[in-house]
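Asks: Here's the letter readout for the chains.
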Amino acid sequence: MVDRTEAIKPSDILVFSTLRNERIRLPFFLKYYRDKGVNHFLIVDNDSDDGSRQYLLDQPDVSLWTTEASYKRARFGVDWLNWLQRKYAHGHWCLVVDPDEFLVYPFCDTRPLRALTDWLDASSIKSFGAMLLDMYPKGPLDAQPYREGQDPFEIACWFDSGNYTIEKNRKFGNLWIQGGPRTRAFFHDNPGRAPALNKIPLVKWDRNYTFVSSTHMVLPRGLNLVYDEWGGEKASGCLLHAKFLDTFTAKATEELERKQHYAGSHEYRAYHQHLKDDPDLWCKWSEKYINWRQLEILGLMSKGNWA
Amino acid sequence: MTVGVIMLVHEAFDRAGQVARHWATNGCPVVIHVDKRVKRATYSRFMSDLSDLDNVKFCGRHRCEWGTWSLVAASQTASEVMLRSFDDVRHVFLASGSCLPLRPVEDLIDYLAERPMTNFIESVTTEDVPWTVGGLDAERFTLRFPFSWKRQRWLFDRYVSIQRRIRFKRKIPDGIVPHLGSQWWCLTRQTLSAILEDPERQTYDRYFKRVWIPDESYYQTLVRLYSTNIESRSLTLSKFDFQGKPHIFYDDHLQLLRRSDCFVARKIWPHANKLYDGFLSDAAKLMSGAEPNPGKIDRIFSKAVERRTKGRPGLLMQSRFPNEGWENGTTCAQYSVFEGFSELFEDFDLWLNRMVGARVHGHLFAPDQVQFASNQTVFSGALTDSAAVRDYNPRAFLTSLIWNTRGERQCFQFGPRDNQALNWFIAKDPNAQISVISGAWAVPLFNSNRNFSDIRREAARLQKIEAEHIDVLRSFYSKARVRIWTMADFVDNPMEPLQTIIDEIGVRSPHRLAEAPKMVNLEGFGQFLQNLKNQGMQPHLMGDFPAGADPVNNPRKARKPYLVK
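Chains A and B, in that order, are what the protein sequence lines are.
The first sequence maps to residues 791 to 1097 in the working numbering.
The second sequence maps to residues 1165 to 1729 in the working numbering.
Keep in mind that the hints were calculated from the coordinates and are not lab data.
Please read these numbers as outputs of a predicted model, since none were measured by experiment.
We put the CB at the ideal spot given by N, CA and C, even for glycine.
Careful, some of the hints might be misleading.
Stated by the list, open to error - Pair ranges (Cβ atoms, derived):
#, chain 1, residue 1, chain 2, residue 2, range
1, A, K1074, B, K1474, 30 to 40 Å
2, B, G1231, A, P817, 28 to 38 Å
3, A, D851, B, R1279, 36 to 46 Å
4, A, D979, B, R1422, 49 to 59 Å
5, B, R1422, A, Q1084, 25 to 35 Å
6, A, R794, B, D1292, 53 to 63 Å
7, A, D848, B, R1209, 32 to 42 Å
Okay, chain B solo, but in the shape it has when bound (with noise of 0.2 Å):
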């Protein structure tokens, strides 16, 4: 007893052949269709390359196109001729011109030898197939399909949608439950004559006729009313892109293929030397008896999919370009954002780096000049710090400096001295950690030697600056987890709303902070804020700072850090 198999072929003759004869040299007949749109040059060539093996058979020919009943034509043709002239066929495997078998010859039979009564073919009903493209399953087996999906289209869709629109529905006749799958398929003799001999067989062809993609479906349904012993799945290794494409296999899929113990895989490339070089000589002749299993293969291609469909998260490229909305994450990281912390702290920047370990920046949206870490003027990918290029392009700035420093937590300050242009970015990227301490700009401008007068005018342009980007950091967009404390506030009790960041920054220690940052001298900051009110300003921002009661944990020279253990 052995296999026969039937090849359906319509390019790549030479590979064709190649494979032809080798199931023909290792004991399977073969029975070939040609498509009929194959001049009958190329087609009497290729016969008579094949012309020495005396269990090759070609049968007679139809027209194929991608989609229509012709290509379950075929296959009822060529394996009315297997049955016909081949009686130690048992088995009869359905495969194409670019088929690749993987495993020994020998290895296929003795398997299949093993399980005489099963039939291999992957058949689903209809509410369960997760893979059909186009939004098709169930209506394949109720529309009509008078167009051709790949010349004609427009008229495809609308007669579909003028279909749907009036409820259009045919008849399934009587006795069948309509199955789907990979149309790639190893039937035994007996289900298979039982499908070609049966007495209603014309009442199923004429139905199939006008099914979208019956080789999908045709021997899938019929195989269920002949038989109970089905694996529902294909031999044939062979995976589906996103838009329904068979994915194709090269010469470095070569060793991940030989380790998928599958018996048969398609599509290959005809120009893949090694592939086929590899995998028909005989030195390839191993015999290992495992179960087929493509797991790995399913994940590289699966991959390859979400790449395709999802992408990755943050990253802007010449051929990843998201429309507002369809970004899947803005930036691919979480960062954190400080405001008004290097002002009211001395050298926050290196407390903060001892705390968390990460990359802690100075303003890098600072007017004059990017202020990286460590005053590097380049950074990660090479970016500068020029002001001009990171304005030029603000979000590609920031996006890009999160892309580059994948692995890194990147922290920098920001205040309402710093471009502004990404305040509505930020605040709706959920990789975002904005912590706020409102009005400590002021400090700055408490300790200048500036006139009163520029003091008040530039006090006044921030405070109505950093109200606004609070405004947007409350707002109803805003998708960032966001801290706000007025500056009285935090001065009152900074520990904890310290400890409260790091924490979420995920920390190194998960101890209590050991060591609080040195505030700043802010003796006489609150008849600073009185005088900028006798002045006619409101500033507003900081909360509450009595003239006269300066904070009390900041005593003047107390310039050591306090502990809290």
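Bound conformation, chain A alone (with noise of 0.2 Å):
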């Protein structure tokens, strides 16, 4: 492990993940949200065997932890991160992601991060939803090999737009999201099984916060209430989802050896079965990806009162 937290002043912005074998989307990861404005990247490395762990090691920004426990019995990282930010993060905004989500909020073509967190900060909000979009490419999904550092979106730039289902979990008070490309292809006979989308990444963190699930739920319940229940609109973002890449059939593979996810993997296992058959999620209503204020127009995102 490498610990350079000493260099994060108070006013940082930081980034948490944990990842394993992504040594290939590391270069565009760091550089996306550093061009962003991110200031420090913690990171938990569950035990990689493809050079993650040597080149996150030599970036000045970066603190890694290494484990090699299951990824299973930390509830699939979320203890190893808890841990992390209780320690690191109380009173900085903090950033939850996955190596493979991109964070996409009201005007960031034009206003770096921190713009957005001043605003939270002034406005007295201290959590941001931005529901997960996955993003696939057109045919099958290993046509185009992604090149390291490369954007992952010049592939996998098409997305469904409005085919998106919402509940209320009345326990935490969040709201839970399903849909989009994975419901339609992997589980058109079993929605309810479908993973869920909805995610709350950043956070003004509290050592007393707490994510339930993933980034899924956060405690106290109050951070949860990222949208508005009296008509109106919450700002709000999203996490562009380069999962479907050429590098998803080996992941899918893996993954389904280690037993390391959710719900006893079995969402790899539909991917899997599915994929085998027709490995195409594109489709003639499918969305080419611009930018933001397409995802806004499309009612997938707003600006809320930021203007």
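Need the complex rebuilt from these two chains, each delivered in its own frame; the hints are there to steer you.
Replies: In structure tokens, the structure reads:
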């Protein structure tokens, strides 16, 4: 491990992430968030053997912890990150994302992340919602190989614009969102088992906060209220999800063997099954990604009262 | 003669210093008040950074808290220094550390020189202010506010409500009429000194010390005593959102601010480099002489507030999920539901599509599969035809469909064989146009090749479902535009109801319908119903079809559409 957390200044924006064998994604991931104004990355490496570790050790703004323990026993990484956040994130805006998740927020093409967090501070808002938007290429997943450092959305530039379902979770007060290409292609017989897409990745952290299940829900409950209940729209973003690249097939096979994922890895079983038969997620009604304004017009995210 | 600028500063000192230097080097004396809560080291660094300018002065410091008298005290102290130290100042301009001049300073000086006696201060009586947040307007002047709104909100609210209950009222000093307005003003030396040197000032100050947010009322009220030459508007462009906090300007507002022709804007994000570089550079010195015109900025910010408070009707998304009754429209556009039409007419969907040019689906809620128009397996927004996905959340399915196809009217068929989960939802939706030919579900049974006992059982089941559905449509809660005909009535005279429905959809051509849809062959239908009756079932939703007297307007071989002209 390497601990560079002493370099963290009180107003820094932090990224927390866990990963396993994501070497090829790391250069673009780090660049994307550095460009947005993230000051420090705190990463848990779960036993990578593809050089991820060495690469991260060389980055001046990364603190790295390595573990060989079970991802599943650590509640899919949440426990590791909760521990790190409790220790290092108190009082900071922190963004919890996987290496294949890229935050898009209102005005992200003209305003850095700090403009957003300053505005959230001024508005006394402590958490910011950004639903996961699954991106996919046109044609078979492995038709266009991903190159290191490349913007993954040059390949996976398509998404589903309007097939999402929302329910309220009374216990934690969060919304439960499902849908998108995964429901459409993998879970159309059993949509209830489709993965959750609601996420609250950006939180002004306090040591008394805790993520319950990935970044889908956070405690105390008030932080889950990233939506308006009286007809208005709160500001929100999207996490563009670059999961469906050529790297996915290998990953799905590996994860199936490791059995370290949620609910007996049923998700990966479903992917494996379907991608064998019909590896194309694209359809006639897929939408091609342009920018955040497009997502806002489509109603996937909102500027709220930020102007 | 020139303009003196008073700056109230508590953060972002680099930017405040940059702006102060800009004013000072362009001939405007500056007096700066720095919040006493700011650390001494920061303060002295700030002072020494500006020490090379002899027309920049610092005044005595007050500990400032939002909503309290301290902000007025700060501006009084600074004003006194300004009036005492700089004799050639005729107008005094109150600004904050996050204000940014948008036009050349000479432009402002000239503008004010042409209006030497005018005071620019927004000053409105309490009856006429629409903007106060939290409902405190007139009460600001009649209640007491010993608790901090920011730090002791619970006590603040409790104390207000107790005073309301016992009808406590402070006495307003004689001779003044409470006025409110933006705290950023520009007053003439004459008026400002009259306020500060008034023999009664102690009385007024004592009173305003206990008024809520006095920086929005002290000068705004007193200015009415000393001047009749008041332009009730602020020269500072400052917009507030629905929580009463100022909107912030960023680099991407550059063009908007340029075109506004306003003199000063607040508040500027301290890291908005392009704005500071752009407006404080010499290159920006394009004199326009125009009147300030913040209209476009006003619109952008009021739209933002509307989006935050009302949202986009018919949209359910991650940050808009209204409680029941707060949707402001459960769907986003009008749509039409047809019940019994595709049973009674052949290729009704094609005919309707020709007539109205809308998207005409089959039975969207059919039990086995979603029947999208043209048999598509995926539709707008990438909705799938999987019945399981639709039935998992039927409401999301319908609202998404209507949202995804904004700009194109959706029509779909419906009947008692379909999923009935949305009956109430659609009936309560004012965007729905529902046309029902009751009992037409019997036609497919009539034409089916099934055992009569099965047909009888199925007919009873469908009739029960449709009867319940019609009860919903006729209920007191129904807000949709509902039309229900019995099948017998409809068969008797189909053109008039069809015309009504299509007129309401708003057709391409305003002419009378030239072409009727082809009705299915109903010969023997009366006897079919009689057989059901003979088996002990009572088919009542179809209306009256006497056995043997089959509809005359549908002779057996007349498969030609008939014309009405």
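Asks: With reference to the structure, classify each hint as holding or not holding.
Replies: Against the structure, the hints come out as follows:
1. A/K1074 - B/K1474: 30 to 40 Å: 34 Å, holds
2. B/G1231 - A/P817: 28 to 38 Å: Violated - the Cβ-Cβ distance for B/G1231 and A/P817, about 49 Å, lies outside 28 to 38 Å.
3. A/D851 - B/R1279: 36 to 46 Å: 55 Å, violated
4. A/D979 - B/R1422: 49 to 59 Å: Cβ of A/D979 to Cβ of B/R1422: about 57 Å, so the range 49 to 59 Å holds.
5. B/R1422 - A/Q1084: 25 to 35 Å: Holds, at about 27 Å.
6. A/R794 - B/D1292: 53 to 63 Å: 59 Å, holds
7. A/D848 - B/R1209: 32 to 42 Å: 37 Å, holds
Consistency with the previously given hints fails for numbers 2 and 3, ordered from lowest to highest.
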